[in-house]
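A.B. asks: In case you want the letters, here they are:
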Amino acid sequence: MSTVAVKPPVPARASKKKTGQGGGIGRYLLVRFLLIFPTIFILVSMVFWLMRTTGDPITAALGGRLGPDQLAERVHAAGYDRPILVQYFEYLGQVLTGNFGTTISTNRPVTEVLLTYGSATAELVFYALIVAFIVGIPLGLVAAYWRDKAPDAVLRVLAILWYATPVFFAGLLLKLVFSVWLKVLPVAGRATTGSELQMQLLPNKTGIYLIDALQIGDPAVVQDVLLHAVLPALALGLLTAGVFLRLVRTNVIGTLGTDYVDAARSRGVHEFRLVSKHAYRPALIPIITVIGLQIALLLGGAVLTETVFEWKGLGFQLIEFIKARDFVAVQGIVALLAVIVALSNFIVDIIAALIDPRVRY
Amino acid sequence: MTEFDSASMHSPKAPLWSRLPVVHQLRQSVGLQRGMLVAGLVITGIFILTAIFAPLLAPYGYSQLRGDDGPFGAQQEPGGDHLFGTTAGGYDVLSRVIWGSQTAIIVMVIAVVLSIFAGVALGLVSGYFGGWLDRVLVVICDAVYAFPSLLLAIVMGIVLSGGQSSLFYGILAAAISITVVFIPQYFRVIRAETVRIKAEAYVESARVLGASNGRIMFRHVLRNATRTLPLIFTLNASEALLTLAGLGFIGFGIEPSSAAEWGYDLNKAISDVTSGIWWTSLFPGLAIVLVVLGVTLVGESLNDLADPRLRSRRAPGKTSAAPVAPAPVREPAGRIEPSGIYGSISAPRVRPDGLESTS
Amino acid sequence: MTSAFTNGKRALAATAGFAVAALVLSGCASGGTTPDAAGGAITIGTTDKITSLDPAGSYDNGSFAVQTQVFPFLMSSPYGTSSVEPDIATAAEFTSPNEYTVTLKPDLKWANGNDLTASDVKFSFDRQQTIASDTGPSSLLGNLESTDVVDDLTVVFNLINGNDQIFSQILSSPAGVIVDEDSLSATEITPDADIVDANAFAGQYALTSYNFNNLLAYKAYEGYQGLLGPAKTDVINVKYYADASNLKLEVQEGGIDVAWRSLSATDIDDLRGNDNVKVVDGPGGETRYITFNFDSQPFGATTADADPAKALAVRQAVANIVDRAEIADQVYKGTYTPLYSFVPAGMSGATESLKGLYGDGEGGPDIDKAAALLEAAGVTEPVELNLQYSNDHYGPSSGDEYALIKDQLEATDLFTVNLQTTEWVQYSKDRVEDVYPLYQLGWFPDYSDADNYLSPFFKTENFLDNHFADANVDAQIVEQSVTTDPAAREALLMEIQDEVAAALSTLPLLQGAQVAITGTDISGTKDTLDTSFKFRYGALVKG
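Heads up: the protein sequence lines correspond to chains F, L and P, in order. Per numbering that gives the first Met the number 0, the very first residue in the first sequence carries number 0; after that it's consecutive. Per numbering that gives the first Met the number 0, the very first residue in the second sequence carries number 0; after that it's consecutive. Per numbering that gives the first Met the number 0, the very first residue in the third sequence carries number 0; after that it's consecutive.
Among these hints, one or two may not hold up.
Claimed, not checked - DEER-style ranges, computed between Cβ atoms:
id : chain 1 : residue 1 : chain 2 : residue 2 : range
1  : P       : A468      : L       : I51       : 48 to 56 Å
2  : F       : F40       : P       : A185      : 38 to 46 Å
3  : F       : P108      : P       : N160      : 34 to 42 Å
4  : F       : T110      : L       : G130      : 48 to 56 Å
5  : P       : A468      : L       : I47       : 55 to 63 Å
6  : P       : D304      : L       : L289      : 31 to 39 Å
7  : P       : E478      : F       : L201      : 54 to 62 Å
8  : F       : S275      : L       : L289      : 30 to 38 Å
9  : P       : A375      : L       : P54       : 38 to 46 Å
10 : L       : W277      : P       : D304      : 26 to 34 Å
11 : L       : F217      : F       : H75       : 48 to 56 Å
12 : F       : T110      : P       : D304      : 34 to 42 Å
13 : F       : S275      : L       : V37       : 26 to 34 Å
14 : P       : G272      : L       : I51       : 40 to 48 Å
What the hints assert, rightly or not - Facing chain P, from chain L, some residues (calculated, C-beta under 10 Å):
id : residue
15 : Q63
16 : L64
17 : R65
18 : P70
19 : G72
20 : Q74
21 : P77
22 : T86
23 : S204
24 : V207
25 : G250
26 : D271
27 : T273
Claimed, not checked - Within a straight-line C-alpha distance of at most 25 Å, the following computed SDA-like cross-link-like pairs (lysine to any residue) qualify:
id : chain 1 : residue 1 : chain 2 : residue 2
28 : F       : K322      : P       : Y209
29 : P       : K428      : F       : E319
30 : F       : K322      : L       : Y168
31 : P       : K48       : F       : V74
32 : F       : K322      : P       : G272
33 : P       : K332      : L       : G69
34 : F       : K148      : L       : L289
35 : P       : K48       : F       : Q199
36 : P       : K428      : F       : E111
37 : P       : K428      : L       : V158
38 : P       : K458      : F       : Q69
39 : P       : K48       : F       : L114
40 : F       : K182      : P       : G272
Hints listed in this document are in silico derivations from the structure and should not be mistaken for laboratory results. For glycine and all other residues, C-beta sits at the position ideal for the given N, C-alpha and C.
Sequences and hints are given; from them, build the entire structure.
C.D. replies: The following block contains the structure:
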């Protein structure tokens with residue numbers, strides 16, 4: 000029966016499933032793998048149609064400078080006035096051959112755009128996940144331990160507040176407190192000019208600043224990079240931390256009621272130990288699956304954080320490209336996001352299936 | 000124990016009003032859980048009342064720039080005629096905040112209503128009939144679900160309105176883009192429940208008795224499949240508000256002379272904050288935070304109360320009022336707990352549930 | 000799973016330690032910024048955006064700001080003026096009405112060692128015309144028929160219309176950038192990276208590091224022999240910001256030395272009171288105006304109740320009512336100033352035509368005059384105006400600006416205003432399809448000459464496409480462009496402004512000032528904030 004994977008596998012009474020109904024794990028994985036392709040196809044097509052109905056990049060760039068005749072001439076020269084189906088199939092052909100083209104608004108290869116901004120986003124997401132772990136999991140345990148007591152209530156309200164505060168508002172407050180009043184953290188960006196210039200000169204730079212800074216080997220540069228990451232990581236990470244907090248709390252409370260924990264309790268195991276050891280472990284499985292989803296959604300969802308903190312990543316760039324109606328670039332970025340999302344869903348499913356055979360039905 | 004929702008059916012003898020969704024849960028709750036629910040309800044209530052009575056409460060119109068004695072002036076400090084001060088554009092902040100609740104509630108209602116109808120209908124049909132239609136819908140919903148909602152909102156907004164940010168189009172763009180993102184969630188929940196319920200004995204018997212598909216779907220399946228909806232409902236509502244605010248921040252907000260919108264005001268106030276003018280951003284910001292907090296508190300509490308494992312137990316001796324038989328801990332399939340709360344910016348919404356379940 | 004999990008935990012712990020270490024270290028760092036690498040180097044912050052380094056592929060302020068620093072021009076204006084003089088040339092003049100001859104300075108080199116000769120010049124103009132990119136400035140070269148190389152130092156431009164007085168200005172515009180024929184493609188837009196790798200620069204600066212729209216590093220080019228003289232600062236770094244409030248915070252906190260374009264009015268106002276920074280104002284070339292569509296405006300040519308006299312009365316009434324000073328003060332806090340003609344103040348040939356014609360004669364509004372005009376034309380009911388503005392193209396304050404205009408118009412009871420905003424791309428389409436009766440536009444000049452504020456707008460075939468046509472204005476615009484005597488040309492330019500001011504094809508509202516915020520140790524900013532509207536980094540000095 001289809002249950003949500005995000006739930007403790009242990010409540011035994013809950014799931015009387017017929018294992019092995021749909022064939023072995025091999026078949027399951029194959030089906031899951033093949034599903035990656037339609038997902039990507041749907042997203043890429045969706046973006047194509049949405050973007051093409053909203054205008055062309057030439058008008059976006061020069062609508063305030065040129066008259067209608069000149070604009071029409073240029074639109075025609077670029078081929079944007081051809082039948083849209085023709086353009087659609089042409090585009091699908093290009094995607095199939097792995098040719099993402101050159102951005103219209105900035106004249107750069109899309110693959111280069113994906114690499115540059117993708118690595119920035121990946122770095123931010125990585126930091127945010129760390130914050131989410133460090134904050135979310137312990138606090139979730141605390142909330143579960145003092146369930147329905149004051150600490151639980153405070154933490155839960157806090158988690159909701161993190162979610163309820165628009166990230167640009169929170170980011171602004173963080174900047175005011177730490178950068179302007181306390182002057183301990185930089186305002187925005189990913190590194191100071193000096194550090195960035197040094198990294199720019201590296202022969203094999205990765206675009207992931209922490210790695211590049213380590214390559215340089217200067218502790219000051221590493222420190223600089225990490226300092227710049229603190230506020231954006233907090234802003235984005237706390238959002239996710241709220242998810243983790245809630246997840247851990249719910250699942251630990253769930254597993255606390257199971258036979259296996261009951262057995263431990265009856266052996267006289269202390270309640271704190273029950274929470275931190277016995278109930279925690281099984282509760283982690285759903286968390287692992289959620290992380291996969293988090294990564295996917297953080298990638299696309301870091302838009303506002305990136306804008307607030309000048310973190311020049313994919314989400315931020317995507318908005319710029321949408322405004323410029325640069326459909327080549329937008330389609331490229333969305334295709335990448337689609338691949339990542341589909342892949343991480345796939346990986347999560349594999350992990351879930353490996354851990355708990357019942358997931359496979 | 001049949002499949003009837005314990006939440007609405009467990010004590011048929013109780014008076015009708017106490018069986019109403021929220022009232023019932025309120026009675027059922029104890030301690031902190033009741034506190035959270037009550038707090039959420041109070042905040043939400045104030046919000047709704049403010050929206051309804053905005054014309055009476057607001058001292059000025061949302062687009063009013065001058066009073067009886069000339070223009071208000073820009074960035075006036077709080078006090079005097081302007082309790083919350085005025086904005087960089089010369090609007091009265093208090094009035095904009097109050098009027099903004101109207102815009103917010105309209106977006107929430109449209110978004111929720113649209114996505115419930117579309118999502119539930121699709122989920123029901125998909126789950127009930129199964130087959131390739133079901134598979135296609137599942138894949139499409141998974142794909143849409145994976146698309147960053149804010150970006151979807153921007154593009155949808157442009158497509159829908161042709162880029163016009165009048166009141167009508169601005170609201171519709173936010174609401175519809177939220178709808179598009181939320182349909183997969185309702186779809187999943189309803190579909191999974193439908194698949195489960197379809198296999199139950201009483202549905203089988205209805206079929207044997209010759210009931211039509213439509214009748215089975217709506218009489219038997221839908222009634223039982225909808226019990227997790229209130230929770231998604233609240234998530235959906237707060238998500239709608241946050242997306243509206245996000246659109247305002249990125250510059251796709253609603254034009255200030257056609258409606259008051261908190262996200263727009265907050266965006267315009269950003270350079271004020273760095274210049275020490277705090278009142279233009281604080282109040283609309285707080286309004287967003289409070290409304291989302293209130294609605295989410297209600298949603299979380301309802302979720303806890305619907306889940307026997309999470310429900311606070313009453314002190315021994317009062318248990319007679321406790322729900323009948325929490326024993327069948329059959330998880331409502333597609334429950335959006337525990338990850339669902341945290342919306343578009345980062346949230347894993349409903350997990351994609353088993354794709355093979357119809358095979 | 001267990002072991003994997005333990006590993007994960009360990010890695011987590013390690014990273015956590017890292018993050019904590021960073022936070023602890025932060026306590027020791029002062030001000031949150033580390034000092035610049037080289038002494039005297041200046042860091043500039045901007046919200047500009049580059050689209051392409053290649054001049055054939057860009058036609059926007061952000062890209063031109065970079066090209067101005069690193070590429071040579073035949074003509075340029077010295078610091079402080081807008082009139083152009085030969086830059087890397089010794090002479091530039093009409094040798095016959097249709098031949099404009101430029102003689103280069105001898106022994107010019109590109110930073111990569113290639114010779115900079117007349118052949119590069121021909122190459123640069125030919126490729127502009129060949130590529131004629133979607134997003135390039137080739138339309139500025141409409142009057143250029145062909146380019147001929149006479150010898151290594153001499154190049155002749157063959158013009159279609161003789162005695163073109165604008166051509167010398169065109170040579171200093173985005174279409175006049177000279178590039179290296181050995182490094183750039185003759186037929187395609189060359190990727191930025193290739194240009195940087197080839198070191199194909201010969202302006203005051205050369206780019207040494209190029210992180211697109213994020214961080215650019217410039218170093219003074221020693222071989223530069225142009226008009227402006229060697230750069231005063233050796234190393235310039237430019238950081239690109241997406242959000243103006245971040246730029247403001249950075250300059251306020253000393254993270255950058257100069258903030259150039261574009262801070263919000265509130266930010267600038269706030270920084271004026273801050274002792275750690277200087278606010279440097281310069282004349283502005285940017286204009287903001289309302290365009291009237293002569294067909295679809297109230298009583299316009301294609302409306303049901305078409306009446307040219309009433310239509311004119313409506314335009315004039317609006318012109319009498321708008322209070323520019325109130326907008327400039329309340330919305331823009333002095334970063335924009337009232338504009339009373341089509342050519343901005345400070346430019347040679349600028350008038351204040353509208354000041355005398357409309358309002359109280361002092362620049363303020365005159366509502367009685369507006370009412371009288373409408374009444375005289377037979378307009379008795381309040382006129383409904385559909386006013387459009389773009390919320391995302393002309394800065395974040397457009398919304399406030401137009402709300403105030405609506406308020407001003409409605410307060411007179413002569414008008415009811417439906418204010419609407421549309422996202423830029425749709426806006427650009429709609430406005431030329433006569434969808435908008437009255438709408439906002441702005442202009443930033445391609446070159447610094449009054450002509451650039453007149454001929455694109457008021458010739459019969461104009462980019463506004465608002466159905467304004469006046470044979471007399473047409474003739475005068477053509478005439479001024481071939482009038483060689485400067486005084487006579489200026490008189491013509493003023494005459495054109497007076498005529499258009501009476502007909503009101505557009506209603507000029509505001510003129511943007513150039514504002515740079517610098518640290519207190521930066522000097523020379525004032526020198527480059529001139530009516531050429533080019534911000535030359537070479538003028539800046541730190542310390």
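A.B. asks: With reference to the structure, classify each hint as holding or not holding.
C.D. replies: Hint-by-hint comparison with the structure:
no., hint, result
1, P:A468 to L:I51: 48 to 56 Å, "holds (54 Å)"
2, F:F40 to P:A185: 38 to 46 Å, "holds (40 Å)"
3, F:P108 to P:N160: 34 to 42 Å, "holds (41 Å)"
4, F:T110 to L:G130: 48 to 56 Å, "violated (40 Å)"
5, P:A468 to L:I47: 55 to 63 Å, "holds (57 Å)"
6, P:D304 to L:L289: 31 to 39 Å, "violated (51 Å)"
7, P:E478 to F:L201: 54 to 62 Å, "holds (60 Å)"
8, F:S275 to L:L289: 30 to 38 Å, "holds (35 Å)"
9, P:A375 to L:P54: 38 to 46 Å, "holds (40 Å)"
10, L:W277 to P:D304: 26 to 34 Å, "violated (51 Å)"
11, L:F217 to F:H75: 48 to 56 Å, "holds (53 Å)"
12, F:T110 to P:D304: 34 to 42 Å, "violated (58 Å)"
13, F:S275 to L:V37: 26 to 34 Å, "holds (32 Å)"
14, P:G272 to L:I51: 40 to 48 Å, "holds (43 Å)"
15, Q63, "holds (8 Å)"
16, L64, "holds (4 Å)"
17, R65, "holds (7 Å)"
18, P70, "holds (7 Å)"
19, G72, "holds (7 Å)"
20, Q74, "holds (7 Å)"
21, P77, "violated (17 Å)"
22, T86, "holds (8 Å)"
23, S204, "violated (44 Å)"
24, V207, "violated (46 Å)"
25, G250, "holds (5 Å)"
26, D271, "holds (6 Å)"
27, T273, "holds (5 Å)"
28, F:K322 to P:Y209, "holds (24 Å)"
29, P:K428 to F:E319, "holds (20 Å)"
30, F:K322 to L:Y168, "holds (18 Å)"
31, P:K48 to F:V74, "holds (23 Å)"
32, F:K322 to P:G272, "violated (35 Å)"
33, P:K332 to L:G69, "holds (19 Å)"
34, F:K148 to L:L289, "holds (23 Å)"
35, P:K48 to F:Q199, "holds (19 Å)"
36, P:K428 to F:E111, "violated (31 Å)"
37, P:K428 to L:V158, "holds (14 Å)"
38, P:K458 to F:Q69, "holds (15 Å)"
39, P:K48 to F:L114, "holds (20 Å)"
40, F:K182 to P:G272, "holds (20 Å)"
Taken one by one, the earlier hints fail for this structure at numbers 4, 6, 10, 12, 21, 23, 24, 32 and 36, listed in ascending order.
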